[in-house]
Amino acid sequence: MAYDKFTVLRSTAVPLPIENVDTDQIIPARFLKATERKGFGDNLFRDWRYNGDDTPKKDFVLNNPIYSGKILVGGKNFGSGSSREHAAWAIYDYGFRCVVSSFFADIFKGNSMNIGILPVTVSEAFLDKIFKSIEANPKAEFEVNLGEQKITILATGESESFDINGYKKHNLMNGYDDIDYLQAMKENIKSFAEQSLY
Amino acid sequence: MSKTPSTLFDKVWDSHVVRKIDDGPDVFFIDRHFIHEVTSPVAFLGLEGRGLKVMFPEKTFATADHNTPTINQHLPVQDPLSANQLKALERNSAKYGISHWGLGNPKNGIVHVVGPENGITLPGMTIVCGDSHTSTHGAFGAIAFGIGTSEVEMVLTSQCIMQPKPKKMRIIVNGKLGKGITPKDVVLYIISKLTAAGATGYFVEYAGEVFENMSMEGRMTVCNMSIEMGARGGMVAPDETTFNYIKGKDKAPKGEAWDKALAYWKTLKTDAGATFDKEYNFDAADIEPMITYGTNPGMGMGITKHIPTAKAIGSSQATYDKSLNYMGFHEDDEMLGKKVDYVFIGSCTNGRIEDFRAFASIIKGKKKAEHVTAWIVPGSHIVEQQIKDEGILDILLEAGFQLRQPGCSACLAMNDDKIPAGKYAVSTSNRNFEGRQGPGARTMLASPLVAAAAAITGVVTDPRELMVEEL
Ligand code: SF4
Numbered sequence: 001m002a003y004d005k006f007t008v009l010r011s012t013a014v015p016l017p018i019e020n021v022d023t024d025q026i027i028p029a030r031f032l033k034a035t036e037r038k039g040f041g042d043n044l045f046r047d048w049r050y051n052g053d054d055t056p057k058k059d060f061v062l063n064n065p066i067y068s069g070k071i072l073v074g075g076k077n078f079g080s081g082s083s084r085e086h087a088a089w090a091i092y093d094y095g096f097r098c099v100v101s102s103f104f105a106d107i108f109k110g111n112s113m114n115i116g117i118l119p120v121t122v123s124e125a126f127l128d129k130i131f132k133s134i135e136a137n138p139k140a141e142f143e144v145n146l147g148e149q150k151i152t153i154l155a156t157g158e159s160e161s162f163d164i165n166g167y168k169k170h171n172l173m174n175g176y177d178d179i180d181y182l183q184a185m186k187e188n189i190k191s192f193a194e195q196s197l198y
Numbered sequence: 001m002s003k004t005p006s007t008l009f010d011k012v013w014d015s016h017v018v019r020k021i022d023d024g025p026d027v028f029f030i031d032r033h034f035i036h037e038v039t040s041p042v043a044f045l046g047l048e049g050r051g052l053k054v055m056f057p058e059k060t061f062a063t064a065d066h067n068t069p070t071i072n073q074h075l076p077v078q079d080p081l082s083a084n085q086l087k088a089l090e091r092n093s094a095k096y097g098i099s100h101w102g103l104g105n106p107k108n109g110i111v112h113v114v115g116p117e118n119g120i121t122l123p124g125m126t127i128v129c130g131d132s133h134t135s136t137h138g139a140f141g142a143i144a145f146g147i148g149t150s151e152v153e154m155v156l157t158s159q160c161i162m163q164p165k166p167k168k169m170r171i172i173v174n175g176k177l178g179k180g181i182t183p184k185d186v187v188l189y190i191i192s193k194l195t196a197a198g199a200t201g202y203f204v205e206y207a208g209e210v211f212e213n214m215s216m217e218g219r220m221t222v223c224n225m226s227i228e229m230g231a232r233g234g235m236v237a238p239d240e241t242t243f244n245y246i247k248g249k250d251k252a253p254k255g256e257a258w259d260k261a262l263a264y265w266k267t268l269k270t271d272a273g274a275t276f277d278k279e280y281n282f283d284a285a286d287i288e289p290m291i292t293y294g295t296n297p298g299m300g301m302g303i304t305k306h307i308p309t310a311k312a313i314g315s316s317q318a319t320y321d322k323s324l325n326y327m328g329f330h331e332d333d334e335m336l337g338k339k340v341d342y343v344f345i346g347s348c349t350n351g352r353i354e355d356f357r358a359f360a361s362i363i364k365g366k367k368k369a370e371h372v373t374a375w376i377v378p379g380s381h382i383v384e385q386q387i388k389d390e391g392i393l394d395i396l397l398e399a400g401f402q403l404r405q406p407g408c409s410a411c412l413a414m415n416d417d418k419i420p421a422g423k424y425a426v427s428t429s430n431r432n433f434e435g436r437q438g439p440g441a442r443t444m445l446a447s448p449l450v451a452a453a454a455a456i457t458g459v460v461t462d463p464r465e466l467m468v469e470e471l
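Just so you know, the protein sequences line up as chains A and B, in that order. Its first residue numbered 1, the first sequence is counted upward by one per residue in my numbering. Its first residue numbered 1, the second sequence is counted upward by one per residue in my numbering.
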């Protein structure tokens, strides 16, 4: 599935300072019944966002109009649990392009990059600074520069660099995906398969 | 064989790398691919959109499990969305020539139960599925892990995914497990020590006497929950227990092919002197029956203990408070004696025959607590049949229980088996996340023995108190 190229993102951010945000919170299983990739953003954080009668929960951050932006900032161990790519789809469909945390669960991280969301891992200390700067000013802007692998708190100018492997970076910056790569090496795969025991 | 000592994980991983990309992932070949109705439809749509084919349809196996009802499976599925997903799986499988065990098929069941019991899962394989508990298959000495839907599409079209090689961890548990201590307790204990994120970035090998002496069912339970401490997967070196389990299974190699495979499987172990990035050692004697009190599987404790503090488990106070508040528990509470409304035995963690034997061993000759609703859900039709053949069904019925039909059921509550908001469930599944078993449901993860004890007494109970003395 094609996605927008990711180069430099300058945006306000939405804070979610909770640890171990699992994929069942991001998108509960009962919303996984679609056979198409459509409309998952409506159910992003469904049970934190809405009451049982579908009225919005006032104290949840996505229901607070002060906060907006394309960056979601979460506590450590973000995206743990199930492998459902629907979690990444919901985040993307809602309008986020980047998730920042001090620690990501593996599968979520891979799924995000496969669909064009950039997961940015920062230190605990820097994560804390980001939360503080949003607290001080919900309209504070951040800059995520993928080419330079750098995230900056624009209000203070403080920045931190982040890791990403060269291959994934190239894909994200150009909007390529793994299938393009794999198609190009079908012949190698075929001869590899011939040697396989199974 | 290479001269430098290497680990079981290295042996299997390295032999499946089609290409190494500089500063990038490995192009990783997949021997077996399982699909189910929830995470595959968008992958098939993607294939169609690009006009691509399935490269090796014989290496992919489809089963319906997540959405399926656990009663009246012979009737049309009521929920139109679920019915639609099940139909999509059937249609896509037929279109691309993939074997499909849908509802009503005698081989149908939870993907991680049917793979092993039909001999599809074998040592030394690489196995993936759009489901994080694919780690289960590691019990056979396979590298098995969950993938996202984009990767499902990759496997369908190229039999490969792009994966960076994880780091290696070994968890050794030596000694002898006490009475009433099951594989589920072993893995809940390990996760409580490492935390829910403690093995992120690693692939785990479980080693030591406890795993050597464990049945295949038990090893599957342990490997299943590797993902709950963040590990991509876990594995146990194959041995006689493994070979005996596989021999004669429907799709297992036979005759000469068996001998050839067996010779290879016997090389699948970590060489002496091979190193790991991280290693943990635990003593079996320290493990009690376990139960969770919070909203991630790392929040577990010995059943006779009191709920530890945020500090003791290395959690932030806010996250800890949110969790206990959801559960309606308090720091330092005792878990024994807490009221239980629901009991669920089943799932790919504890939905195998051994689990039902364990459950039956406790409830035999007793009666279900009146206020408890129990959902007893076999992992597959084969397990269901074993339950009947071994007389376990009679024990269940006599004690006031009923047996449902196979599927994921209340493990993730995608079908009608949802625990109502605010109610407490002792569950043999693998996740106690908020709302996992239904919006507002409060889950306590435990072994089949603890589940059985709760079903009889109606409160959290140490199963050792109900166990018949061995003669
Ligand atoms: S039983 Fe639960 S964990 Fe296992 S495959 Fe089904 S939903 Fe996933």
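There's no promise every hint is true.
Pairs of lysine-lysine, DSS-like flavour, derived with a Cα cap of 27 angstroms [what the hints assert, rightly or not]:
1. A:Lys70 x A:Lys169
2. B:Lys179 x B:Lys11
3. B:Lys165 x B:Lys11
4. A:Lys76 x B:Lys322
5. A:Lys190 x B:Lys251
6. B:Lys322 x A:Lys129
7. B:Lys179 x B:Lys53
8. B:Lys311 x A:Lys186
9. B:Lys165 x A:Lys76
10. A:Lys33 x B:Lys167
11. B:Lys20 x A:Lys38
12. B:Lys366 x A:Lys76
13. B:Lys423 x A:Lys57
14. A:Lys190 x B:Lys260
15. A:Lys33 x B:Lys87
16. B:Lys249 x B:Lys260
17. A:Lys57 x B:Lys322
18. B:Lys322 x A:Lys186
19. B:Lys3 x B:Lys53
20. A:Lys169 x B:Lys251
21. A:Lys38 x B:Lys423
22. B:Lys269 x B:Lys247
23. B:Lys278 x B:Lys368
24. B:Lys339 x B:Lys423
25. A:Lys186 x A:Lys5
26. A:Lys139 x A:Lys58
27. B:Lys59 x A:Lys150
28. A:Lys76 x B:Lys87
29. B:Lys167 x B:Lys3
30. B:Lys59 x A:Lys186
31. A:Lys186 x B:Lys20
DEER-style ranges, computed between Cβ atoms [said to hold, decoys possible]:
32. A:Leu197 x B:Gly97: 16 to 24 angstroms
33. B:His330 x A:Asn51: 38 to 46 angstroms
34. B:Thr4 x A:Leu197: 46 to 54 angstroms
35. A:Gly52 x B:Ala312: 44 to 52 angstroms
No lab work stands behind these hints: they were computed from the structure. Just so we're clear, the structure is a prediction, and the values are computed from it rather than from any experiment. Glycine residues also receive a C-beta, built at the ideal position from the N, C-alpha and C atoms.
Self-check item: Given hint lysine 423 of chain B paired with lysine 339 of chain B - CA-CA distance at most 27 angstroms
Solution: holds (9 angstroms)
Practice problem: Sort out whether lysine 169 of chain A lies within 27 angstroms of lysine 70 of chain A, counting only the CA atoms. | Solution: holds (19 angstroms)
Quiz prompt | 27 angstroms Cα cutoff - pair lysine 38 of chain A, lysine 423 of chain B | solution = violated (33 angstroms)
Exercise. Would you mind confirming whether the straight-line C-alpha gap from lysine 165 of chain B to lysine 11 of chain B stays at or under 27 angstroms?
Key: holds (12 angstroms)
Quiz item: Between histidine 330 of chain B and asparagine 51 of chain A, is the Cβ distance one that fits in 38 to 46 angstroms?
Solution: violated (25 angstroms)
Exercise. Would you mind confirming whether the straight-line C-alpha gap from lysine 76 of chain A to lysine 87 of chain B stays at or under 27 angstroms?
Key: violated (39 angstroms)
Quiz item: Is the hinted pair lysine 179 of chain B and lysine 53 of chain B satisfied, with a Cα-Cα distance of at most 27 angstroms?
Solution: violated (53 angstroms)
Quiz item: Under the criterion that the straight-line Cα-Cα distance not exceed 27 angstroms, is the pair lysine 167 of chain B, lysine 3 of chain B satisfied?
Solution: holds (21 angstroms)
Exercise. Look at the Cβ atoms of threonine 4 of chain B and leucine 197 of chain A and judge whether their distance stays inside 46 to 54 angstroms.
Key: At 23 angstroms between Cβs, range violated.
Practice problem: Quickly compare the C-alpha distance for lysine 249 of chain B and lysine 260 of chain B to 27 angstroms and report which way the hint goes. | Solution: Holds - the C-alpha atoms of lysine 260 of chain B and lysine 249 of chain B are around 16 angstroms apart, at most 27 angstroms.
Practice problem: With a cut-off of 27 angstroms on the C-alpha distance, tell me whether lysine 20 of chain B and lysine 38 of chain A pass. | Solution: violated (35 angstroms)
Exercise. With a cut-off of 27 angstroms on the C-alpha distance, tell me whether lysine 165 of chain B and lysine 76 of chain A pass.
Key: holds (23 angstroms)
Hint compliance for this structure: hints 2, 7, 8, 10, 11, 12, 18, 19, 20, 21, 23, 27, 28, 33, 34, 35 are broken, all remaining hints hold.
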